[in-house]
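Protein chains in written order, with this note's numbering: chain L, 2 to 255; chain W, 2 to 255; chain R, 2 to 255; chain V, 2 to 255.
Heads up, a few of these hints could be off.
[As the list claims (entries may be wrong)] So the derived list for chain L, only partly shown, Cβ under 7 Å to chain V, looks like this:
| hint | residue |
| --- | --- |
| 1 | ILE14 |
| 2 | GLN17 |
| 3 | LYS18 |
| 4 | VAL21 |
| 5 | LYS22 |
| 6 | PHE69 |
| 7 | GLU208 |
| 8 | LYS212 |
| 9 | GLY215 |
| 10 | ARG216 |
| 11 | THR240 |
| 12 | PHE241 |
| 13 | THR243 |
[Stated by the list, open to error] Derived contacts from chain R toward chain W, CB cut-off under 10 Å, selection only:
| hint | residue |
| --- | --- |
| 14 | VAL19 |
| 15 | GLY20 |
| 16 | MET59 |
| 17 | ILE65 |
| 18 | VAL135 |
| 19 | THR232 |
Don't read these hints as lab results, they were simulated from the structure.
Each residue gets a CB set at the ideal place from its N, CA and C atoms; glycine is no exception.
There are 4 protein chains.
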Amino acid sequence: MKDIQNQPDFRKIDIQKVGVKNISYPLTVLDQKNGTQKTVATVNMYVNLPHHFKGTHMSRFVEILNRFRGEINLKNFHAILSEMKERLQAEEAHMEVDFPYFLARERGGARISAEYRCAMHGSLGGKNDLLLKVRVPIYPPSPGQTDGLMPRSLGHWGLASIGVRLRHFIWIEDLIRDIEAVTSPALRWPDLGAGEGVPEVEPLGVERLAKAIGRRLRENEAITWFAITVTNYSEGCATFATLTWPETTATAQE
Amino acid sequence: MKDIQNQPDFRKIDIQKVGVKNISYPLTVLDQKNGTQKTVATVNMYVNLPHHFKGTHMSRFVEILNRFRGEINLKNFHAILSEMKERLQAEEAHMEVDFPYFLARERGGARISAEYRCAMHGSLGGKNDLLLKVRVPIYPPSPGQTDGLMPRSLGHWGLASIGVRLRHFIWIEDLIRDIEAVTSPALRWPDLGAGEGVPEVEPLGVERLAKAIGRRLRENEAITWFAITVTNYSEGCATFATLTWPETTATAQE
Amino acid sequence: MKDIQNQPDFRKIDIQKVGVKNISYPLTVLDQKNGTQKTVATVNMYVNLPHHFKGTHMSRFVEILNRFRGEINLKNFHAILSEMKERLQAEEAHMEVDFPYFLARERGGARISAEYRCAMHGSLGGKNDLLLKVRVPIYPPSPGQTDGLMPRSLGHWGLASIGVRLRHFIWIEDLIRDIEAVTSPALRWPDLGAGEGVPEVEPLGVERLAKAIGRRLRENEAITWFAITVTNYSEGCATFATLTWPETTATAQE
Amino acid sequence: MKDIQNQPDFRKIDIQKVGVKNISYPLTVLDQKNGTQKTVATVNMYVNLPHHFKGTHMSRFVEILNRFRGEINLKNFHAILSEMKERLQAEEAHMEVDFPYFLARERGGARISAEYRCAMHGSLGGKNDLLLKVRVPIYPPSPGQTDGLMPRSLGHWGLASIGVRLRHFIWIEDLIRDIEAVTSPALRWPDLGAGEGVPEVEPLGVERLAKAIGRRLRENEAITWFAITVTNYSEGCATFATLTWPETTATAQE
Chain L
2 MKDIQNQPDF RKIDIQKVGV KNISYPLTVL DQKNGTQKTV ATVNMYVNLP
52 HHFKGTHMSR FVEILNRFRG EINLKNFHAI LSEMKERLQA EEAHMEVDFP
102 YFLARERGGA RISAEYRCAM HGSLGGKNDL LLKVRVPIYP PSPGQTDGLM
152 PRSLGHWGLA SIGVRLRHFI WIEDLIRDIE AVTSPALRWP DLGAGEGVPE
202 VEPLGVERLA KAIGRRLREN EAITWFAITV TNYSEGCATF ATLTWPETTA
252 TAQE
Chain W
2 MKDIQNQPDF RKIDIQKVGV KNISYPLTVL DQKNGTQKTV ATVNMYVNLP
52 HHFKGTHMSR FVEILNRFRG EINLKNFHAI LSEMKERLQA EEAHMEVDFP
102 YFLARERGGA RISAEYRCAM HGSLGGKNDL LLKVRVPIYP PSPGQTDGLM
152 PRSLGHWGLA SIGVRLRHFI WIEDLIRDIE AVTSPALRWP DLGAGEGVPE
202 VEPLGVERLA KAIGRRLREN EAITWFAITV TNYSEGCATF ATLTWPETTA
252 TAQE
Chain R
2 MKDIQNQPDF RKIDIQKVGV KNISYPLTVL DQKNGTQKTV ATVNMYVNLP
52 HHFKGTHMSR FVEILNRFRG EINLKNFHAI LSEMKERLQA EEAHMEVDFP
102 YFLARERGGA RISAEYRCAM HGSLGGKNDL LLKVRVPIYP PSPGQTDGLM
152 PRSLGHWGLA SIGVRLRHFI WIEDLIRDIE AVTSPALRWP DLGAGEGVPE
202 VEPLGVERLA KAIGRRLREN EAITWFAITV TNYSEGCATF ATLTWPETTA
252 TAQE
Chain V
2 MKDIQNQPDF RKIDIQKVGV KNISYPLTVL DQKNGTQKTV ATVNMYVNLP
52 HHFKGTHMSR FVEILNRFRG EINLKNFHAI LSEMKERLQA EEAHMEVDFP
102 YFLARERGGA RISAEYRCAM HGSLGGKNDL LLKVRVPIYP PSPGQTDGLM
152 PRSLGHWGLA SIGVRLRHFI WIEDLIRDIE AVTSPALRWP DLGAGEGVPE
202 VEPLGVERLA KAIGRRLREN EAITWFAITV TNYSEGCATF ATLTWPETTA
252 TAQE
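Chain L on its own, in the form it takes in the complex (with noise of 0.2 Å):
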């Protein structure tokens, strides 16, 4: 048995955080090309309360998310913080909210409505913070095949995760077309000829193709800082290089 049961006063045991998970909600996000996008999320949401306080109504965070339930998107995500801090009378705000998003794509010959699992994730109060993350599906080219100009893609040979604190609003699409500049075939092998076959490049690798992520989103001034975990579902299992960008501010806020 432990004297610290003797000083109560100096380690509390209390509350940190107490919320709702797993909320499945359908949502509307802006979309760059149809202002509006209908999808279906999962939202977490969650308060940070004072010590003193005895317990919240759970209820009110679903009445919360009842009233933004037109649109939740990079814009009022701060208003919906406020309002459960205000509401709840919570020291700190958090919410996750994780949805397919779809973008029309040229894929097998077909044209699909490709999903993008995307998530905004922000808390308001002790440190204010939001993230933006978008994964996003990596293909590589087939052997002994060249469609025209380019290695047929072969499959699904792993998955690009970003997430981005920016300095301003972005659309999700540009963040992908920033991706998929380097993890699409056309792009990493922009000087293969016509008729050429199967170019003879280094195999993909997942540190390779996270430096080269990390150095397209470093142009792009509305980031300010990211994180990059590019994972092969390979050789019988998945190997992953991750990075984060400015290094030593990793989890500091901008």
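Knowing the structure of chain L, use the given hints to seat chains W, R and V on it.
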């Protein structure tokens, strides 16, 4: 309102199956090389009750599982079903056991414990049946590379899901060997010489691979029936091809 | 070695189904109150090809999906299958569409968008069929509490999974209403008076609930066949009971 | 275009972590009653490389795992991390091992192998750390029933997810025992006499349970730090409460 209400005896509302599902259970299965192998299974157990029977005690399912805990395999599967049928006074007994099975494999230059998802699904009573299932990952050759003789494996191209009905016991290892003889690169391009670069083969196709596996399994005299689904996780959506053999008895029993 | 090798024409190795699966797709479905509802579906599409037919272009599946993107519902499901059959020159066409469907509900004191997982599975050709499926969460009463008239809902006791074949169109809302009339606490204990405390009822049982739902659905004249599975996530493993009606035509078509 | 491009040395783009993840691996862990227990783990292994280092061979991670295959546990976790650090010439080594752990339990009248999801997450290098994690299902009492002394368990009310840092080795069993002393009905209502019916207790609450577990774990002198999240799968969405202790060193190392 239908007049069916006046004919209660003609079309009865009665429970047809009752049981337990998604039980996580530590299991010992047979291993050709090591005698046995410990794994963790997900188990479903259920029975068809006679109409006059009033309910069952769910705890009996787990008790039966406990009695055989030492091992569940193709050899004693029938005995477990018999005990279910008897102890639960059921007309039919069903059990589905799904588990990861590990085999030593070379992949990506390392010797790994490769995971194969396996299952045994059996019934006793109305129709007697026992299916052995295994899922074998398919790794395609990479572009522009020849590690010595063969193109280097590039990634998780897809999956071959196989179900077989048997004339007599076979080892899971032998079934996997039959499938990998078709799906592994070394056997798909047996005549490729060293240094010749990427082979000018046709691209892998789900239909072609499913047929090739089918031709191979048809030569295994222990197998009386099989179903094959080859899935390719490419091009932004999964494509697949399915075949059963003999075709005309796809749902019949041997 | 089996002599089957000498009888290649007798038992052929041929693809029976080919298609695409797990396509994530933004969808518009019918909504009784609001006309339509936007959601995100997972779609499988596949066809049975004639034996002499050599392969198919997977991209055509997605093209057909694109043409009908505006809506997929019980009313136009047959038209989509017809187009699949025609454009792919197939003997049979199959489509499975699974999606979350949202309805306004009171739960835990808050007005929420409750999620019901729904599905439409249809076939055209060899056998014509259309199943509507819905999964309804079951909430039991809590111990020692009477919020006014009724025991307070305590948790996610289990799930009722229903599949129906129909004589004519019905709203998803009406099917859910039929099921919740049985599974919701207020209707399970209709005679409980205020202040009487916890009712001395028998415990909820998967068998009893499945039968009660069955009796209710049998009265709905639009429904020609149904399958009901009630699952209880209790006691450390999931217990379940299943019934179909009419029992003798469980696998037949209307 | 940012002028950051002209300061390449100031803010570098360099890989910070590289490794393998989601490796399915057969494992032997320590078992208080039986000496050892075989299970199947999911393993992540990664390292932080010095900036001048060019890549790593992913196969070495699996080789290290193979060398220790016999067992991974709290006692040899540090030795595995040391070998990772040395063989990969890394600045830091990290390993995360998640696995189902089975204990004999009474539930729903049957003696079952109850599954507890456990994990060990450790780091060596920059910051040395070792967390033991365990998830304990919470079963509430049922309405209107007293099986002898205690209300019968009704269902899977929720989950207590616990992470601890340790002064010295403890058995997983002892940690689970501490948690279930709080979450199991028999100990929540120790003074309830037979035949008294449902106790007029306050309803279970995530905040109250989290604090009660916290008070219990604080008395365990082996534990120097803990984090507790109690989640309740009720009311159509999951509600949760989180606390860490000591609060002021939530992210610090002991």
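Hint check:
1. ILE14: This interface hint holds because 4 Å falls under the 7 Å limit.
2. GLN17: Holds. Min distance 5 Å.
3. LYS18: For L/LYS18, the interface hint holds, since the closest Cβ of chain V sits about 4 Å away, which is under 7 Å.
4. VAL21: holds (5 Å)
5. LYS22: OK, holds: L/LYS22 within 7 Å of chain V, min 5 Å.
6. PHE69: violated (17 Å)
7. GLU208: holds (5 Å)
8. LYS212: At about 5 Å, which falls below the 7 Å cut-off, the nearest Cβ of chain V leaves the hint on L/LYS212 intact, so it holds.
9. GLY215: holds (4 Å)
10. ARG216: holds (6 Å)
11. THR240: This interface hint holds because 5 Å falls under the 7 Å limit.
12. PHE241: Status holds, d = 6 Å.
13. THR243: Interface hint status for L/THR243: holds (4 Å vs cutoff 7 Å).
14. VAL19: holds (5 Å)
15. GLY20: holds (6 Å)
16. MET59: holds (5 Å)
17. ILE65: It is violated, given that the least Cβ distance between R/ILE65 and chain W is near 13 Å, above 10 Å.
18. VAL135: violated (19 Å)
19. THR232: holds (7 Å)
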